[in-house]
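Work the whole structure out from these sequences, hints included.
If you're matching them up, the sequences are chains A and B in order.
Counting in our numbering, the first sequence tops out at residue 245, every number present.
Counting in our numbering, the second sequence tops out at residue 245, every number present.
One or more of the hints may lead you astray.
FRET-style restraints, in silico, Cβ to Cβ [said to hold, decoys possible]: (1) A/GLY46 x B/LYS24: 50 to 60 Å; (2) A/ILE242 x B/ASN178: 38 to 48 Å; (3) A/LYS81 x B/LYS117: 24 to 34 Å; (4) A/ARG142 x B/TYR176: 42 to 52 Å; (5) B/VAL240 x A/LEU19: 28 to 38 Å; (6) B/SER173 x A/LEU95: 33 to 43 Å; (7) B/ARG23 x A/ARG142: 41 to 51 Å; (8) B/LYS117 x A/LYS135: 47 to 57 Å; (9) A/SER65 x B/TYR176: 49 to 59 Å.
Here are the simulated EDC-like cross-link-like pairs (lysine to aspartate or glutamate), alpha carbons at most 16 Å apart as the crow flies [stated by the list, open to error]: (10) B/LYS192 x A/GLU191; (11) B/LYS194 x B/ASP131; (12) A/LYS192 x B/GLU191; (13) B/LYS154 x A/ASP22; (14) A/LYS152 x B/ASP18; (15) A/LYS224 x A/ASP196; (16) B/LYS152 x A/GLU191; (17) B/LYS154 x A/ASP18; (18) A/LYS154 x B/ASP22; (19) A/LYS154 x B/ASP18; (20) A/LYS154 x B/ASP153; (21) B/LYS154 x A/ASP153.
Hints were generated in silico from the structure; no laboratory data involved.
Since the structure is predicted, the reported quantities are computational estimates derived from the model, not experimental observations.
Heads up, the beta-carbon is just placed ideally off N, CA and C, and yes, glycines get one too.
Here is what each chain is made of, one letter per residue.
2 protein chains.
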Amino acid sequence: MSPALFDLYADRKSIVVVVDVLRATSTMCIAFEKGIEKMIPVSTVEEALEYRESNPNYILAAERNGAPVKGFDFGNSPQSYLELDMSGKTVVMTTTNGTKSISIAKKDHDVAIGSLLNLDAISKWLISQERDVIIFCAGWKDKFNLEDTLFAGALAQQLVDSDLYNNFCDATQAAQILWEKGKNDLFGFLDNSSHRKRLANLNIDSDIHFCLKPNQTTKIPVLKNNTLVAIDES
Amino acid sequence: MSPALFDLYADRKSIVVVVDVLRATSTMCIAFEKGIEKMIPVSTVEEALEYRESNPNYILAAERNGAPVKGFDFGNSPQSYLELDMSGKTVVMTTTNGTKSISIAKKDHDVAIGSLLNLDAISKWLISQERDVIIFCAGWKDKFNLEDTLFAGALAQQLVDSDLYNNFCDATQAAQILWEKGKNDLFGFLDNSSHRKRLANLNIDSDIHFCLKPNQTTKIPVLKNNTLVAIDES
Numbered sequence: 012m013s014p015a016l017f018d019l020y021a022d023r024k025s026i027v028v029v030v031d032v033l034r035a036t037s038t039m040c041i042a043f044e045k046g047i048e049k050m051i052p053v054s055t056v057e058e059a060l061e062y063r064e065s066n067p068n069y070i071l072a073a074e075r076n077g078a079p080v081k082g083f084d085f086g087n088s089p090q091s092y093l094e095l096d097m098s099g100k101t102v103v104m105t106t107t108n109g110t111k112s113i114s115i116a117k118k119d120h121d122v123a124i125g126s127l128l129n130l131d132a133i134s135k136w137l138i139s140q141e142r143d144v145i146i147f148c149a150g151w152k153d154k155f156n157l158e159d160t161l162f163a164g165a166l167a168q169q170l171v172d173s174d175l176y177n178n179f180c181d182a183t184q185a186a187q188i189l190w191e192k193g194k195n196d197l198f199g200f201l202d203n204s205s206h207r208k209r210l211a212n213l214n215i216d217s218d219i220h221f222c223l224k225p226n227q228t229t230k231i232p233v234l235k236n237n238t239l240v241a242i243d244e245s
Numbered sequence: 012m013s014p015a016l017f018d019l020y021a022d023r024k025s026i027v028v029v030v031d032v033l034r035a036t037s038t039m040c041i042a043f044e045k046g047i048e049k050m051i052p053v054s055t056v057e058e059a060l061e062y063r064e065s066n067p068n069y070i071l072a073a074e075r076n077g078a079p080v081k082g083f084d085f086g087n088s089p090q091s092y093l094e095l096d097m098s099g100k101t102v103v104m105t106t107t108n109g110t111k112s113i114s115i116a117k118k119d120h121d122v123a124i125g126s127l128l129n130l131d132a133i134s135k136w137l138i139s140q141e142r143d144v145i146i147f148c149a150g151w152k153d154k155f156n157l158e159d160t161l162f163a164g165a166l167a168q169q170l171v172d173s174d175l176y177n178n179f180c181d182a183t184q185a186a187q188i189l190w191e192k193g194k195n196d197l198f199g200f201l202d203n204s205s206h207r208k209r210l211a212n213l214n215i216d217s218d219i220h221f222c223l224k225p226n227q228t229t230k231i232p233v234l235k236n237n238t239l240v241a242i243d244e245s
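Okay, structure coming up:
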């Protein structure tokens with residue numbers, strides 16, 4: 012439920028699904044759907060700039076506190092990828108919470124990227140892997156947030172429904188209950204949530220609607236040698 | 012939702028309600044109901060023993076990992092206080108999660124002790140204080156747990172229902188939803204919870220039933236000079 016709690020759940024053998032619904036991991040999923048070849052998640056703006064120095068063809072995406080970082084090609088809006096031909100491109104991305112969470116998880120674990128946009132695909136793929144799963148909610152600056160927990164509940168429910176998974180974790184059980192409560196009206200469910208309010212102040216309600224629409228892609232970004240590449244589970 | 016996250020929410024001015032439903036704060040509430048004069052919460056077994064050296068009349072209570080500590084008068088079972096005359100006694104108590112949470116909260120905040128046993132009383136008292144409230148779930152070794160979150164939801168709901176409180180916190184909103192879902196059958200709701208299973212292994216199902224029965228006392232333990240004393244909100 013928070014990057015600050017990840018070490019308590021880490022076991023060095025599970026696949027870790029990192030989720031930052033609003034908006035980092037949604038953006039990652041849609042960027043692969045739009046054809047990028049790879050994405051390099053980095054923790055700092057400085058690192059991102061160093062990558063560009065090493066290769067001017069890299070596309071830079073950076074978000075801090077919900078807003079794009081000046082001088083970068085993209086911020087953290089998934090819809091900014093929709094109208095462009097991204098085939099074969101490499102994106103270097105840093106965000107407030109999402110890429111930090113990847114950086115924590117990758118130290119000892121295999122990492123996959125989840126969002127509502129690839130919910131069914133990542134469920135199907137995880138079930139085929141026959142390994143334990145930790146769902147890592149990026150939250151907001153180490154605080155619990157509702158939208159990532161909703162995704163965690165949705166994914167956990169699909170895994171448990173497969174009969175191949177058990178769930179003895181209170182946090183996951185809570186997430187499943189929240190998903191059951193919210194699944195029929197995700198936007199309404201998040202009406203009073205802190206992050207929806209934060210983003211609404213930035214005039215990006217349409218991004219929120221976009222990120223809450225499940226199953227827009229069958230791509231599953233997975234981390235290989237510090238770089239995200241996509242598996243297609245169609 | 013975890014002692015590890017408390018600093019993110021700390022504001023140095025709210026009243027902090029520490030809750031450890033199974034069983035530390037339930038035991039504190041019932042001990043005051045049974046007439047103790049004060050309780051000294053300490054972080055370590057060694058500290059508790061030092062208090063007894065300073066005063067042989069002190070009653071020592073210690074729990075680690077769900078079980079009483081050898082050589083102490085009490086563990087962490089609220090029902091162990093029921094049959095005894097505790098009038099005017101002082102109890103020195105240390106538990107795995109509850110007293111640790113008090114120790115974290117008291118550094119910068121006024122502290123009150125909540126449990127389902129004093130739910131209505133603490134709600135009424137808090138509303139009369141006209142101050143912001145942080146509900147501090149003791150959890151289990153920094154992990155989220157369901158039963159403390161249920162209490163948080165119950166208390167938050169009563170505060171919000173008073174129309175004197177707003178709630179813009181995702182964690183609190185989640186807690187309220189969990190309470191709404193579980194309130195009519197708390198024992199059943201916790202059927203698969205980690206802590207209920209942990210305690211069931213120690214054969215203390217009856218303690219769990221006891222701790223889940225709301226409003227058994229109107230006492231509210233509050234911390235004054237590192238010692239808990241009771242306010243009566245009848």
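Restraint status (C-alpha distance of A/LYS154 to B/ASP22 at most 16 Å): Judged against 16 Å, a Cα distance of about 15 Å means the pair holds.
Look at the Cβ atoms of B/VAL240 and A/LEU19 and judge whether their distance stays inside 28 to 38 Å. 34 Å, holds
For the pair supplied as a hint, B/LYS154 and A/ASP22, is the alpha-carbon distance within the 16 Å limit? 15 Å, holds
Do the Cβ positions of A/SER65 and B/TYR176 conform to the proposed distance bound of 49 to 59 Å? 53 Å, holds
So the hint says 50 to 60 Å: do the beta-carbon atoms of A/GLY46 and B/LYS24 match that? 52 Å, holds
Pair hint A/LYS152 and B/ASP18, alpha-carbon separation not exceeding 16 Å: 12 Å, holds
Between B/SER173 and A/LEU95, does the C-beta distance stay in 33 to 43 Å? Taking Cβ atoms as reference, B/SER173 and A/LEU95 lie about 52 Å apart, which means the hint is violated.
Verify the proposed pairing of A/LYS154 with B/ASP18, using a straight-line Cα cut of 16 Å. 10 Å, holds
Below or equal to 16 Å on CA atoms is what counts here, so check B/LYS154 against A/ASP153. 14 Å, holds
Would the pair B/LYS194 and B/ASP131 pass a check requiring their Cα atoms to be no farther apart than 16 Å? 14 Å, holds
Taking 16 Å as the top limit, are the C-alpha atoms of B/LYS192 and A/GLU191 close enough? 11 Å, holds
So if I understand the rule, the pair passes when the alpha-carbon distance is 16 Å or less; does A/LYS192 with B/GLU191 pass? 11 Å, holds
Going through the hint list in order, the structure does not satisfy hints 3, 6, 16.
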